[in-house]
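Each protein sequence line maps, in turn, to chains A and B.
Numbering-wise (this note's numbering), the first sequence opens with residue 1 and increments by one.
Numbering-wise (this note's numbering), the second sequence opens with residue 1 and increments by one.
In short, the hints are calculated from the structure, not lab data.
Treat the hints with care, as some may be off.
[Unchecked claim] Pair ranges (Cβ atoms, derived): (1) B:L192 to A:G74: 51 to 59 Å; (2) A:N27 to B:R100: 55 to 63 Å; (3) B:K187 to A:L18: 47 to 55 Å; (4) A:L36 to B:A214: 31 to 39 Å; (5) B:A228 to A:V87: 16 to 24 Å; (6) A:V76 to B:L211: 31 to 39 Å; (7) B:S139 to A:I103: 38 to 46 Å; (8) B:S139 to A:F12: 47 to 55 Å; (9) A:I35 to B:P127: 50 to 58 Å.
C-beta: ideal position from N, C-alpha, C; glycine also.
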Amino acid sequence: MIINVYSISIFFGVAFLLSIIQLVRKNRMQEKYSILWILMSAILLILSSSPFFINTIAAWLDIKNPPSLLFLFGLVYLLVYNLHVTVVISKQSEKITRLTQEIALSKMK
Amino acid sequence: MILKVLAIIPAYNEAGAIVQVISGIRQNVPEIDILVVNDGSLDETGIIADKAGAFVVNMPYNLGIGGAVQTGYIYALQNGYDAAVQVDGDGQHDPSFICRLLAPIEDGSADMVIGSRFKSSGEYKAPVMRKTGMLYFSSLVLLFSGLKIKDTTSGFRAVNRKIITYFSEHYPSDYPEVDVLVKLFRKRFRILELSVRMNQRINGKSSITPLRSAYYMIKVSLSLFIEAIRS
Numbered sequence: 001m002i003i004n005v006y007s008i009s010i011f012f013g014v015a016f017l018l019s020i021i022q023l024v025r026k027n028r029m030q031e032k033y034s035i036l037w038i039l040m041s042a043i044l045l046i047l048s049s050s051p052f053f054i055n056t057i058a059a060w061l062d063i064k065n066p067p068s069l070l071f072l073f074g075l076v077y078l079l080v081y082n083l084h085v086t087v088v089i090s091k092q093s094e095k096i097t098r099l100t101q102e103i104a105l106s107k108m109k
Numbered sequence: 001m002i003l004k005v006l007a008i009i010p011a012y013n014e015a016g017a018i019v020q021v022i023s024g025i026r027q028n029v030p031e032i033d034i035l036v037v038n039d040g041s042l043d044e045t046g047i048i049a050d051k052a053g054a055f056v057v058n059m060p061y062n063l064g065i066g067g068a069v070q071t072g073y074i075y076a077l078q079n080g081y082d083a084a085v086q087v088d089g090d091g092q093h094d095p096s097f098i099c100r101l102l103a104p105i106e107d108g109s110a111d112m113v114i115g116s117r118f119k120s121s122g123e124y125k126a127p128v129m130r131k132t133g134m135l136y137f138s139s140l141v142l143l144f145s146g147l148k149i150k151d152t153t154s155g156f157r158a159v160n161r162k163i164i165t166y167f168s169e170h171y172p173s174d175y176p177e178v179d180v181l182v183k184l185f186r187k188r189f190r191i192l193e194l195s196v197r198m199n200q201r202i203n204g205k206s207s208i209t210p211l212r213s214a215y216y217m218i219k220v221s222l223s224l225f226i227e228a229i230r231s
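Here chain B stands alone, though its shape is the one from the complex (with noise of 0.2 Å):
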């Protein structure tokens, strides 16, 4: 690979898993700097990914996905990274795709590419419940900018210089997933959706219970709906 990459994990109380998840990547793209954004865990979290050999920012507090995420693009943009990938500290990401969703960002043909866990491939079974809220998201994708995207909340993204830069000044504070996608479609960016294999998460639970679930839907087609109205 010509390009200088970073991975940005961002890690919250993932003692459990970011050592598989560093080692992961290691092996399948040892060329790209790893970078593990310690969101104030109150784990070993920053420590064991220290040892692990990754860079690690500690935030002084819990910050949230969104300000977690946007401090590896920073880190990034200072420090002269022609691509990124973002990888979830839980394990679900499978490593062994991140050199494919590097591909389109390294011949140029896309901005950004994200890694969906059923784009071709049915072997993602989602509960009824998740699989609603999907297709409810992608519907929302495609009636506000008419982007064809399947897995909108997927967290397993490459991206080019460009949207770093972009990335380092504009990026949700919560819920960022789908919510950018409409951004940068409306700032011209060019997404691209990959079909990736999703683990099961090494440790831990989802954050997602049914009360926030429904406070990400209201404040997701909220966002949408604003900046679709937003000059």
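Next up, chain A with everything else stripped away, as it sits in the complex (with noise of 0.2 Å):
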């Protein structure tokens, strides 16, 4: 087996999978927050599977270097999936805040 940008990609993409089933499994991560992961990687299986996909995607898009390509949609999908997190966060902090104070209060009375 070669050892290259598509080979590490899909030792990469199979472990992260097999990660992401095992939280869910495990019940350490919630089965809607792992549908965008278990996305992720499916995607980055095929892309690296065979280079005709990143090939012709690449050609499309007039990238010189094919297997940037890969890097480019790793780094877009993390991006957009820490803003869903930040989002995720923001919502939950509010929670807490009111359940903190609701709490407060009743243990006063």
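Using the hints, put the two chains back together into the complex; each one sits in its own frame.
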């Protein structure tokens, strides 16, 4: 097996997918948050399975070095996912604040 | 006073000042209730305030000024208060001015009254940096709302029932003072600024550091801008 960006990507894609499934299985990640991650590893696997996909898309987009498409994809995906997580955190911190206030007030009476 | 009024005192590690703040309010306005919001203090603030006869709500951890003050407003709403006055726990706010702050609330001429440290009298001497900061905030508030308020960061404020209700739903979590002015203005609440005397804090020191002031200014500028483009 040749070690190049494709084989490494496949390896990481598979490892990643398995880790996510394991996390969900052990109830350490909720299903709804795992969907985007599973999608991410699936796309990563497809892209890295054969140079065909990535070469074709790179040609469309006029990218000279096709593997950099993988990095571009990964980077954009992480940005979007991070944004999503920040929205989730904001909503949760608002809820935690309200819970804290209600608990403190009800302990008072 | 015919109104049922609650004094809300947010306090974090104010064991050295809280008794004086409570007794100061007692002497000047004996008819109002006092609620100390002990925001996860590491010292005896909660116990001391309780012994001094105030109502005390102990937050399980340090929630920050916004969340703490809002807890007071939720309490005021749930217990049917007509008005609330916010007083700092460090003794900076002179309780003899509480009546004056409450007067416009009582006669219905304002929804919120801000106790300003330099509306008219020139007694208050602020360091240059602080003055610059306050001027900056005043200009921002003027720009975004047209409100002419000199002491935008003052936490000495009286509000009526309508604002108690509004605050218990909407209150910024950090650096709330300036932020809420523009929010309230956009909700068409009437805001009034009155001159008060401010004391030196009894103990403890200001939480403002250069880095924090930078964050303060950036955060407030952003919230005001966002508030202005919010529909």
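List in ascending order the numbers of the hints, as given earlier, that are violated by the structure. none
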